[in-house]
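Enquirer: Residues per chain are reported as follows:
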Amino acid sequence: VRRYVARRVAALVATLLFVSALVFVVVRVLPGDPAALIMGTEGSREAAERLREAMGLNRPLAVQYVEWLAGALRGDLGRSIQYDVPVGQLILTRLPVTLPLALLAAAFMVVVAVPLGVYAATRHRRAGDYVAMIVSQLGISIPQFWSGLLLILLFSVTLGWVRSGGFDGWSAGAWPALRALLLPAVALGFFQAAVLVRATRSAVLDVLREDYVRTARAKGLHGRRVVLVHAFRNALIPIVTVAGLQLGQLVAGAIVLESVFALPGLGRLALGAIGARDLPVVQGVALFVASCIVVINFAVDVAYGFLDPRIRHEAS
Amino acid sequence: MMPRTLVALLCAALAVAAAGGASAQPQALVLQAAVEPPGLDLTATPASATAGVVLYNVQECLVKVDRTGKLVPWLAERWHTADNRNYTFFLKRGVRFHNGRELKAADVKYVFDRAMNPETKHPYPRDYDAIGDIIVRDEATITFALKSVNANFLHNLARQGSVIYPREAVETMKSHPIGTGPFRFEEWVRGDRIVLVRNRDYHVKGLPKLDRVTYRFMPDPNAVLAALKAGDVDASLFGLGPEHVQDVQKDPRFTVIVGDTTNDVILAMNNSRKPYTDVRVRRAVTHGINKADVLKGAMFGLGKILGSNVDPLNPYYVDMSKAVPFDPARARKLLAEAGYPNGFDTVLKVAPQYYYTVRSGEVIAENLKKVGVNVKLEQIEWGQWLSRVFRESDFDLTIIGHAEAWDVKNYANPKYYFRYDSAKFQELFAKSEVTLDDKARGALFAQMQKLMAEDAPVVWLYMHPRLAVAKKGLTGFWKDLPVPSADLSEVGWTAAR
Numbered sequence: 409v410r411r412y413v414a415r416r417v418a419a420l421v422a423t424l425l426f427v428s429a430l431v432f433v434v435v436r437v438l439p440g441d442p443a444a445l446i447m448g449t450e451g452s453r454e455a456a457e458r459l460r461e462a463m464g465l466n467r468p469l470a471v472q473y474v475e476w477l478a479g480a481l482r483g484d485l486g487r488s489i490q491y492d493v494p495v496g497q498l499i500l501t502r503l504p505v506t507l508p509l510a511l512l513a514a515a516f517m518v519v520v521a522v523p524l525g526v527y528a529a530t531r532h533r534r535a536g537d538y539v540a541m542i543v544s545q546l547g548i549s550i551p552q553f554w555s556g557l558l559l560i561l562l563f564s565v566t567l568g569w570v571r572s573g574g575f576d577g578w579s580a581g582a583w584p585a586l587r588a589l590l591l592p593a594v595a596l597g598f599f600q601a602a603v604l605v606r607a608t609r610s611a612v613l614d615v616l617r618e619d620y621v622r623t624a625r626a627k628g629l630h631g632r633r634v635v636l637v638h639a640f641r642n643a644l645i646p647i648v649t650v651a652g653l654q655l656g657q658l659v660a661g662a663i664v665l666e667s668v669f670a671l672p673g674l675g676r677l678a679l680g681a682i683g684a685r686d687l688p689v690v691q692g693v694a695l696f697v698a699s700c701i702v703v704i705n706f707a708v709d710v711a712y713g714f715l716d717p718r719i720r721h722e723a724s
Numbered sequence: 005m006m007p008r009t010l011v012a013l014l015c016a017a018l019a020v021a022a023a024g025g026a027s028a029q030p031q032a033l034v035l036q037a038a039v040e041p042p043g044l045d046l047t048a049t050p051a052s053a054t055a056g057v058v059l060y061n062v063q064e065c066l067v068k069v070d071r072t073g074k075l076v077p078w079l080a081e082r083w084h085t086a087d088n089r090n091y092t093f094f095l096k097r098g099v100r101f102h103n104g105r106e107l108k109a110a111d112v113k114y115v116f117d118r119a120m121n122p123e124t125k126h127p128y129p130r131d132y133d134a135i136g137d138i139i140v141r142d143e144a145t146i147t148f149a150l151k152s153v154n155a156n157f158l159h160n161l162a163r164q165g166s167v168i169y170p171r172e173a174v175e176t177m178k179s180h181p182i183g184t185g186p187f188r189f190e191e192w193v194r195g196d197r198i199v200l201v202r203n204r205d206y207h208v209k210g211l212p213k214l215d216r217v218t219y220r221f222m223p224d225p226n227a228v229l230a231a232l233k234a235g236d237v238d239a240s241l242f243g244l245g246p247e248h249v250q251d252v253q254k255d256p257r258f259t260v261i262v263g264d265t266t267n268d269v270i271l272a273m274n275n276s277r278k279p280y281t282d283v284r285v286r287r288a289v290t291h292g293i294n295k296a297d298v299l300k301g302a303m304f305g306l307g308k309i310l311g312s313n314v315d316p317l318n319p320y321y322v323d324m325s326k327a328v329p330f331d332p333a334r335a336r337k338l339l340a341e342a343g344y345p346n347g348f349d350t351v352l353k354v355a356p357q358y359y360y361t362v363r364s365g366e367v368i369a370e371n372l373k374k375v376g377v378n379v380k381l382e383q384i385e386w387g388q389w390l391s392r393v394f395r396e397s398d399f400d401l402t403i404i405g406h407a408e409a410w411d412v413k414n415y416a417n418p419k420y421y422f423r424y425d426s427a428k429f430q431e432l433f434a435k436s437e438v439t440l441d442d443k444a445r446g447a448l449f450a451q452m453q454k455l456m457a458e459d460a461p462v463v464w465l466y467m468h469p470r471l472a473v474a475k476k477g478l479t480g481f482w483k484d485l486p487v488p489s490a491d492l493s494e495v496g497w498t499a500a501r
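Residue numbers (the numbering used here), protein chains in the order written: chain A, 409 to 724; chain B, 5 to 501.
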């Protein structure tokens, strides 16, 4: 097991290095110069040139990369061009929005999708199955910004139950903060849940066709017990895989929804930074998100070992 | 213990929630802003998002452009000049910065010395080119000695780059601006809001009317509309899309403000690139465009059709909108004369960040097809637009709004991105810069506008309207925007509320 974990960790580090280099090069190859963006159409050309100098953008790319990487290893991601504060600090101030949002959405996704998927599998080709599949199809087809707006229209404008957007921070209390995140989390989780329902359904269906399930049934075990105890655990591997991937996508989805709900999260930070060519922030956020996804995948890999002893034994 | 803490927390949360709906208090205002300022230092960024928060609210200038576009004394209560070369300003007494210190003439000298120093990376160093020397006479008197007569000098002192701040705030202005304005900066929660509070020592008695102003950053126009209707924001000064105007006008809870701005939306042609080097082609393109259609398609008919780069808020404005009218037959004839009887292919680059450029472009492409010019619409991102189109002049056609007041000066700069190079225009403009007599200056501006229409270096499409919406009961907003400011000093709720 230790070897298995060690190999995973090495792969994790290599992936992160590759991602960091890729992000660094891509944001710099993009046409568009941060100094020109800051100065816009009204600042003078000379002023933009002086700003370029001051930001150190005239130095060779390799030098800039090595400096940035060395800083990143020490936990220093540089300073934001727009806000003039350390990037690490900026990410930390946005996390209390994006992280709970992603977790709430993930919770919503799992709580809705897994039972619905199992239910659909047990009702294969019957009314319950079809209804579940139609709901899932809707979830996949409706763009997130649209479902977000519909939710705002219903719950804020018509019913007036929750605020239409914005986030006052956790210092204003846990309940108002959670309330502000509820609608976006549902909008965000809905799409992901729709995908996960399908994955769960087909995974459970596959297992239900296995011989040992037939054996269990033949033994006279209760249908619910067969599904929940015997089939479900073995169906978990594909479900966990998909859920892990979905978790990464939640962060990407947050970029859109944070704009719709005016939430000061990581996604909007990244979007604004790309538009303003705030290179240190783009790099910092991309590296951070990539790290999260890599860590989630790592956790999924490790979870396989627990779910399926065969994987554990093969590796060691 | 735990449950009790939780209950206490919940109670506190509820109390905050009950008190926190800022719009429920009469003298607080929640404003929507589409774009978060990149920083709050007006001497470091030309961003209009920054001016929308800071200019005239937190920081002020020696002179001010009022809501009608007139120049009025402000931190300087009067000024005097005998020769149009030496201007002496007499500062208003007893004006205090938000840090409590009194404004002195030495502060003014410091601000302009710093603006003129290239090391400080001021965005508008050119505005102060005319200044030769700044002499502090006494604590409240200061003289600017100009190198030569300059007609824009006073106006430049009212611009966003000329705000007066205390020397000790220089390092922190990017995140915490200090000035003499009606509101003091309270907090900036990055990505979410900026809060200003009333300056109790404001030097204008009775102002401001509001105790607290919160700018909320909401980029999505549909979400803005929802927030207005849900009562989460009280007003949107720049975020109302023209497509929503009718809908909001019908709603008795709101007042819609449609006003003028200095934002001229133009179809720029690259005057240094064929076929636009030929004035006949440029005139043909102008004749080929139905500006009324463009205005309808892009702005739902709101705004004003333009015929030159002098906007209706300018005192020297002459209506040139009919000088080169929509006339497809004439356009085809001019193209044939210029050697393009079958028209030509061209690329129009637009940045969808400004949605009106795309909408205008679609109508223009349709218009020009009918006179034989095949326009390929290419959407590029704003960062690319700035470096490729604006800096390198790598384009055939492009659409953009020029928001600055008095920006005819760009047509006298042959290196400006559309590369209009007319010795005659440059001469007229130079003369207008040193002509102080109002009538003579007006005559020069009239000549410039006529020449612009004849030379057709760009197609002036329309003035971007000022579209704002506020809850009924809110008064005091500016209708027109002669400067990119959201002056809130006179805004307040009527008692009826």
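Simulated from the structure, these hints should not be mistaken for lab results.
Wrong hints could be hidden among the right ones.
Said to hold, decoys possible - Label pairs and their computed distance ranges (CB to CB):
id	chain 1	residue 1	chain 2	residue 2	range
1	A	Glu475	B	Asn90	49 to 55 Å
2	B	Lys380	A	Ala422	57 to 63 Å
3	A	Glu475	B	Asn103	35 to 41 Å
4	A	Trp578	B	Gly98	29 to 35 Å
5	B	Lys419	A	Ala582	35 to 41 Å
6	B	Asn378	A	Leu438	48 to 54 Å
7	B	Asn103	A	Ser549	42 to 48 Å
Unchecked claim - Which chain A residues face chain B? A few, computed with CB under 7 Å, are given here:
id	residue
8	Ala444
9	Arg458
10	Leu459
11	Gln472
12	Val474
13	Glu475
14	Gly479
15	Arg482
16	Gly483
17	Arg487
18	Ile560
19	Gly656
20	Val668
Beta carbons are placed, not taken as given, at the ideal position from N, Cα and C, and that holds for glycine.
Enquirer: Are the hints correct? Go through all of them and say.
Expert: Hints versus structure:
1. A:Glu475 x B:Asn90: 49 to 55 Å: 51 Å, holds
2. B:Lys380 x A:Ala422: 57 to 63 Å: Given a distance of about 44 Å, which is not inside 57 to 63 Å, the answer is violated.
3. A:Glu475 x B:Asn103: 35 to 41 Å: Distance hint for Glu475 of chain A, Asn103 of chain B holds at roughly 37 Å.
4. A:Trp578 x B:Gly98: 29 to 35 Å: Given about 43 Å between the Cβ atoms, the range is violated.
5. B:Lys419 x A:Ala582: 35 to 41 Å: The hint (35 to 41 Å, Cβ to Cβ) is violated, given that Lys419 of chain B and Ala582 of chain A are roughly 57 Å apart.
6. B:Asn378 x A:Leu438: 48 to 54 Å: Given a distance of about 29 Å, which is not inside 48 to 54 Å, the answer is violated.
7. B:Asn103 x A:Ser549: 42 to 48 Å: 57 Å, violated
8. Ala444: 5 Å, holds
9. Arg458: 5 Å, holds
10. Leu459: 6 Å, holds
11. Gln472: Result: violated, 18 Å to nearest chain B Cβ.
12. Val474: 25 Å, violated
13. Glu475: With a closest approach of 22 Å, the Glu475 of chain A hint is violated.
14. Gly479: 21 Å, violated
15. Arg482: 24 Å, violated
16. Gly483: 20 Å, violated
17. Arg487: 11 Å, violated
18. Ile560: 5 Å, holds
19. Gly656: 22 Å, violated
20. Val668: Holds, because the Cβ-Cβ distance from Val668 of chain A to chain B comes to roughly 5 Å (cut-off 7 Å).
Hints 2, 4, 5, 6, 7, 11, 12, 13, 14, 15, 16, 17, 19 from the list above are not met by this structure, while the remaining hints are.
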